[in-house]
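**Q** In order, the protein sequences belong to chains A and B.
Start counting the first sequence at 0; every next residue gets the next number (numbering that gives the first Met the number 0).
Start counting the second sequence at 0; every next residue gets the next number (numbering that gives the first Met the number 0).
You may find that some hints are simply not true.
[To be verified] According to the in silico footprint, chain B covers these stretches of chain A (three or more CB under 8 Å from chain B):
# : stretch
1 : 133-139
2 : 216-228
3 : 390-401
[Unchecked claim] The calculated lysine to any residue pairs, modelled on SDA-like cross-linking and capped at a C-alpha distance of 20 Å, are:
#  : chain 1 : residue 1 : chain 2 : residue 2
4  : B       : K128      : A       : V396
5  : B       : K24       : A       : K77
6  : B       : K128      : A       : K225
7  : B       : K128      : A       : L42
8  : A       : K407      : B       : V196
9  : A       : K77       : A       : V64
10 : B       : K24       : A       : V396
11 : B       : K24       : A       : E66
12 : A       : K406      : B       : N125
13 : B       : K24       : A       : Q314
14 : B       : K24       : A       : F222
15 : B       : K312      : B       : V196
16 : A       : K167      : A       : R91
17 : A       : K21       : B       : K312
18 : B       : K24       : A       : K21
19 : B       : K24       : A       : A223
20 : A       : K167      : A       : K149
21 : A       : K56       : A       : Q7
22 : A       : K21       : B       : T123
23 : B       : K128      : A       : R405
24 : A       : K77       : A       : E105
25 : B       : K24       : A       : G304
26 : A       : K225      : A       : A241
27 : B       : K128      : A       : A223
28 : B       : K24       : A       : H313
29 : A       : K225      : B       : F26
Hints in this document: simulated from the structure, not taken from any laboratory.
In this text, a Cβ means the ideal position worked out from N, Cα and C, and glycines have one as well.
Here is how the chains run, residue by residue.
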Amino acid sequence: MNSAVLPQRIRTRLRRRHAAEKRFRCYGVVALCFALAFLFVLLATIIINGAGVLIHKRMLFEVVVSEHHGDRYGAMIKDSWKAQFPEVTERRQRRALYGLISRDAEFLLRERLADVPVPDNGIVVLSVPFSSDAGEFLETDPDKRDSFSKRLSTEQRGWLERIEAGGKVETVFNSDFFLNADSREPEVAGILGALIGSMLTMCVTFLFSFPVGVMAAVYLEEFAAKGRLFRFIEVNINNLAAVPSIVFGLLGLAVFIGLFGVPRSTPLVGGLVLGLMTLPTIIIATRAALQAVPSSLRYAALALGATPMQAVLHQGLPSAMPGIFTGAIIGMAQALGETAPLLMIGMVAFVADIPDGFTSASTALPVQVFLWADSPERGFVEKTSAAILVLLAFLAVMNSAAIYLRKKFELKW
Amino acid sequence: MNMQATMSLRRGGVSLRRVIEGTLKAFFFLSASVCVLATFGIFFSIIFEALRFFQQVSPVAFFFGLEWSPQTAIRTDQVGQSGSFGLVPVLAGTLLITSIAIAIAAPIGLLIAIYMSEYAAPKTRNLTKPLIEMLAGIPTVVYGFFAALTLAPIVRDVGRYFEFEIASESALAAGLVMGVMIIPFVSSLCDDVIRAVPLSLREGSYGLGATQSETITLTLLPAALPGIASALLLALSRAIGETMIVVMAAGLAANLTLNPFDAVTTVTVQIVSLLVGDHEFDSTKTLSAFALALTLFMITLLLNVVALRIVHKYRQRYE
Numbered sequence: 000m001n002s003a004v005l006p007q008r009i010r011t012r013l014r015r016r017h018a019a020e021k022r023f024r025c026y027g028v029v030a031l032c033f034a035l036a037f038l039f040v041l042l043a044t045i046i047i048n049g050a051g052v053l054i055h056k057r058m059l060f061e062v063v064v065s066e067h068h069g070d071r072y073g074a075m076i077k078d079s080w081k082a083q084f085p086e087v088t089e090r091r092q093r094r095a096l097y098g099l100i101s102r103d104a105e106f107l108l109r110e111r112l113a114d115v116p117v118p119d120n121g122i123v124v125l126s127v128p129f130s131s132d133a134g135e136f137l138e139t140d141p142d143k144r145d146s147f148s149k150r151l152s153t154e155q156r157g158w159l160e161r162i163e164a165g166g167k168v169e170t171v172f173n174s175d176f177f178l179n180a181d182s183r184e185p186e187v188a189g190i191l192g193a194l195i196g197s198m199l200t201m202c203v204t205f206l207f208s209f210p211v212g213v214m215a216a217v218y219l220e221e222f223a224a225k226g227r228l229f230r231f232i233e234v235n236i237n238n239l240a241a242v243p244s245i246v247f248g249l250l251g252l253a254v255f256i257g258l259f260g261v262p263r264s265t266p267l268v269g270g271l272v273l274g275l276m277t278l279p280t281i282i283i284a285t286r287a288a289l290q291a292v293p294s295s296l297r298y299a300a301l302a303l304g305a306t307p308m309q310a311v312l313h314q315g316l317p318s319a320m321p322g323i324f325t326g327a328i329i330g331m332a333q334a335l336g337e338t339a340p341l342l343m344i345g346m347v348a349f350v351a352d353i354p355d356g357f358t359s360a361s362t363a364l365p366v367q368v369f370l371w372a373d374s375p376e377r378g379f380v381e382k383t384s385a386a387i388l389v390l391l392a393f394l395a396v397m398n399s400a401a402i403y404l405r406k407k408f409e410l411k412w
Numbered sequence: 000m001n002m003q004a005t006m007s008l009r010r011g012g013v014s015l016r017r018v019i020e021g022t023l024k025a026f027f028f029l030s031a032s033v034c035v036l037a038t039f040g041i042f043f044s045i046i047f048e049a050l051r052f053f054q055q056v057s058p059v060a061f062f063f064g065l066e067w068s069p070q071t072a073i074r075t076d077q078v079g080q081s082g083s084f085g086l087v088p089v090l091a092g093t094l095l096i097t098s099i100a101i102a103i104a105a106p107i108g109l110l111i112a113i114y115m116s117e118y119a120a121p122k123t124r125n126l127t128k129p130l131i132e133m134l135a136g137i138p139t140v141v142y143g144f145f146a147a148l149t150l151a152p153i154v155r156d157v158g159r160y161f162e163f164e165i166a167s168e169s170a171l172a173a174g175l176v177m178g179v180m181i182i183p184f185v186s187s188l189c190d191d192v193i194r195a196v197p198l199s200l201r202e203g204s205y206g207l208g209a210t211q212s213e214t215i216t217l218t219l220l221p222a223a224l225p226g227i228a229s230a231l232l233l234a235l236s237r238a239i240g241e242t243m244i245v246v247m248a249a250g251l252a253a254n255l256t257l258n259p260f261d262a263v264t265t266v267t268v269q270i271v272s273l274l275v276g277d278h279e280f281d282s283t284k285t286l287s288a289f290a291l292a293l294t295l296f297m298i299t300l301l302l303n304v305v306a307l308r309i310v311h312k313y314r315q316r317y318e
């Protein structure tokens, strides 16, 4: 159509309509960009805050093991540390000095002496972490160290710089973070306890929700009469999927702990609660996967004389397995990130040991994130971000496994 | 005779198989009833404790009380620890934060859904859709950490720049982050709803000379309105039940206010603060958490039932 023949009135109107079209499209782009920008900022903040945890500063520390201290390792550490600063005499100064090395040093010394006999000269070289503030100070660029004026005194900063100039400070991979359990001292607090706790919890979750979920789905798909009972169970599953997670925690508290006497704060009760939460996801995924199996397969099995049960167990379920696993992994990933119900059943206690079984007190990764985020010490901010990164890495692996399975599954039929 | 032996053997085999299959089927049925048991378990465990609470505090005082301070006073002259259990300020706080969240998530989620289903090239969609889904996969404790440590200070600083006092645990920061958290939820539900609108409606609109945006706003959205409404209700229900973001970023004190720059508390925050840590199981304080949970359970259940009803009705109209 030639626009010249259109009356002016229509042409202006058309221009306005096309402008409106463009505007509308822009809104969509802006909304999308907002969401993506938020995602980007969120991830970037956490990576920037958390990446620093990979390396940390330690001090090569010569400890004099003297007989008269017996097994008072703390005193040995303090004496050897003090000996390096002869000018320190006042009690206040000494305390400031001791505050620079980690309180964990005496345990490191005890472990070392248990493993290796003391050399003849009585000097043991130990790699000791600094206290949180001191470590952060040393990791900071020398030009920007003035910002520490509130957290470390001028004297303390001078001592640290002297140690640094003496070449006693080494920069190493922070294996403590990956090999330690939680601690009150941020510089030695690690993720391993929470990680093991999460894995034990996930084991229970899987062992409970996978068989129960798959069997329930098979019942609903293949054997249930599609009557009132069927509808009732279906409604219940949908409701269960919509119940806020914290309410599941209350169920765990009142029923599992209160009624059945399952021990509090353990992976066992945590896994059961999360298993109940995961159940609807697995059931819905399994039903969808079973429905997607071509009915020709089942008819062929039935025609060859298989009972309905055999048809399901030998043909239906194996063909649906990729779909079922996809759903199960997605459900488990959700459960892994879930925090609120675990708070209710006492998995927030401070646990300094690595859990060694389903009934030993433990925390889980997301709960550890919560606990550290709540701690007032500055050193925990970095730890929190790093713990989040570990959690996100696990979720990413699980979700990519699910996507991989789904892709494979799609090719099949 | 030989034949008879085979027959009896087969009969034995058949009956054994029948026993096994019968047992298996019973197990399958039991598994399916676990879901029903769980629902009942949740309902009865909550209601049982809530009833014990209502023996000590009257339901009228709970549902209509204007003051919430569950700590009981040790001395009589203590201020703000009167042991009063009034739901209203807690519920108001929940609604304030969720309204902010919905005010963010509804337009943005809907616009994303429209853009994804109507405008985006397949390449863009394949690239951005997993990213949006990533937002849904991030654990809520991570959002809470972000809200408390990054966003709340920014919000406070922005307020200070305009010489405006914003609480460091403001409802705004928590609501904002919660809004972003439910964006993918809204957008994926709305995406499905918009795609389900019959092609004939769309083509009819184009045939009459409407532009794409006119088709969307005048034809698709009205047709998809019930579905969108139910998506928003589901999002609302999820926002109300959300715990970690508000536990980490919202306050503990129950202020009865509509000001988004003030600190408010929510139902879930109160449940957590009442039940975490050591507590005797019988005190009014502990039991009040179950009354709160009952309220929460009922609200989310109601929202879900209404949402599913709407979807059900809507489906019938086109099929």
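**Q** Look at each hint and say if it fits the structure.
**A** Consistency of the hints with the structure:
no. : hint               : in the structure
1   : 133-139            : violated (count 0)
2   : 216-228            : holds (count 5)
3   : 390-401            : holds (count 4)
4   : K128(B) to V396(A) : holds, 18 Å
5   : K24(B) to K77(A)   : violated, 70 Å
6   : K128(B) to K225(A) : violated, 36 Å
7   : K128(B) to L42(A)  : holds, 17 Å
8   : K407(A) to V196(B) : violated, 30 Å
9   : K77(A) to V64(A)   : holds, 11 Å
10  : K24(B) to V396(A)  : violated, 36 Å
11  : K24(B) to E66(A)   : violated, 73 Å
12  : K406(A) to N125(B) : holds, 14 Å
13  : K24(B) to Q314(A)  : holds, 17 Å
14  : K24(B) to F222(A)  : holds, 8 Å
15  : K312(B) to V196(B) : holds, 14 Å
16  : K167(A) to R91(A)  : violated, 25 Å
17  : K21(A) to K312(B)  : violated, 34 Å
18  : K24(B) to K21(A)   : violated, 59 Å
19  : K24(B) to A223(A)  : holds, 10 Å
20  : K167(A) to K149(A) : violated, 25 Å
21  : K56(A) to Q7(A)    : violated, 76 Å
22  : K21(A) to T123(B)  : holds, 18 Å
23  : K128(B) to R405(A) : holds, 16 Å
24  : K77(A) to E105(A)  : holds, 9 Å
25  : K24(B) to G304(A)  : holds, 19 Å
26  : K225(A) to A241(A) : violated, 23 Å
27  : K128(B) to A223(A) : violated, 37 Å
28  : K24(B) to H313(A)  : holds, 15 Å
29  : K225(A) to F26(B)  : holds, 18 Å
Taken one by one, the earlier hints fail for this structure at numbers 1, 5, 6, 8, 10, 11, 16, 17, 18, 20, 21, 26, 27, listed in ascending order.
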